[in-house]
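Please build the complex by placing chain B on the supplied structure of chain A, with the hints as guidance.
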Amino acid sequence: DGGITQSPKYLFRKEGQNVTLSCEQNLNHDAMYWYRQDPGQGLRLIYYSQIVNDFQKGDIAEGYSVSREKKESFPLTVTSAQKNPTAFYLCASNLGGYQPQHFGDGTRLSIL
Amino acid sequence: GQQVMQIPQYQHVQEGEDFTTYCNSSTTLSNIQWYKQRPGGHPVFLIQLVKSGEVKKQKRLTFQFGEAKKNSSLHITATQTTDVGTYFCAGPRDYKLSFGAGTTVTVRA
Chain A
550 DGGITQSPKY LFRKEGQNVT LSCEQNLNHD AMYWYRQDPG QGLRLIYYSQ
600 IVNDFQKGDI AEGYSVSREK KESFPLTVTS AQKNPTAFYL CASNLGGYQP
650 QHFGDGTRLS IL
Chain B
2 GQQVMQIPQY QHVQEGEDFT TYCNSSTTLS NIQWYKQRPG GHPVFLIQLV
52 KSGEVKKQKR LTFQFGEAKK NSSLHITATQ TTDVGTYFCA GPRDYKLSFG
102 AGTTVTVRA
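Residue numbers (our numbering), protein chains in the order written: chain A, 550 to 661; chain B, 2 to 110.
The following block holds chain A by itself, in its conformation from the complex (with noise of 0.2 Å):
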């Protein structure tokens, strides 16, 4: 079955940790994206790649970062300079630009 695979489902993280989010597809799609969700806001793109080894900031970067050395995999590293991480975290692919997406079942983020 093809698809999007985010783990953890839920993940907790410490004051001053940097804890990494992944997300792997098997759909042969070239580009991935990395939202974040908060109650009552919809999706906010943290980060983008539309190709091997390249990516680009979305709306919401700072404190986060990513990297695309497969094509399969886009993980996101939450870092201890991202002071409010509790959200949502989807991760999303499709065959690039306007085509639709199709969304892993995310992760949640907590703060202990």
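Misleading hints may appear alongside valid ones.
[Stated by the list, open to error] Pairs of lysine-lysine, BS3-like flavour, derived with a Cα cap of 27 Å: (1) Lys-558(A) / Lys-60(B); (2) Lys-606(A) / Lys-632(A); (3) Lys-606(A) / Lys-37(B); (4) Lys-60(B) / Lys-37(B); (5) Lys-58(B) / Lys-71(B); (6) Lys-71(B) / Lys-57(B).
None of these hints come from the bench; they were simulated from the model. Predicted model, so just to flag it, every value in this text is computed and none were measured.
Structure of chain B alone, referenced to chain A:
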């Protein structure tokens, strides 16, 4: 940058009734997409509209793209409990999608 605005933010519907949610843009859109997110779930693509004035139906859901391609609507007929969730529209912006804040639908049985 271009943003899409959705109204209303919340829609409380009696089971069996109809309702409409709207998506508006200040600029012309080349296309508009609609997604549904069930409570606790992830957004799922529903449909894409491309042509001016386009109307597409999916069972009880009717999607419309405005003549000026600046607005879109989703009309649900005879609402059921399975329609519960948040409906997002998304428009293109700088080779990405810009999502609206969504309309969260609850249904009274």
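Looking at the structure, which of the earlier hints fail to hold?
1
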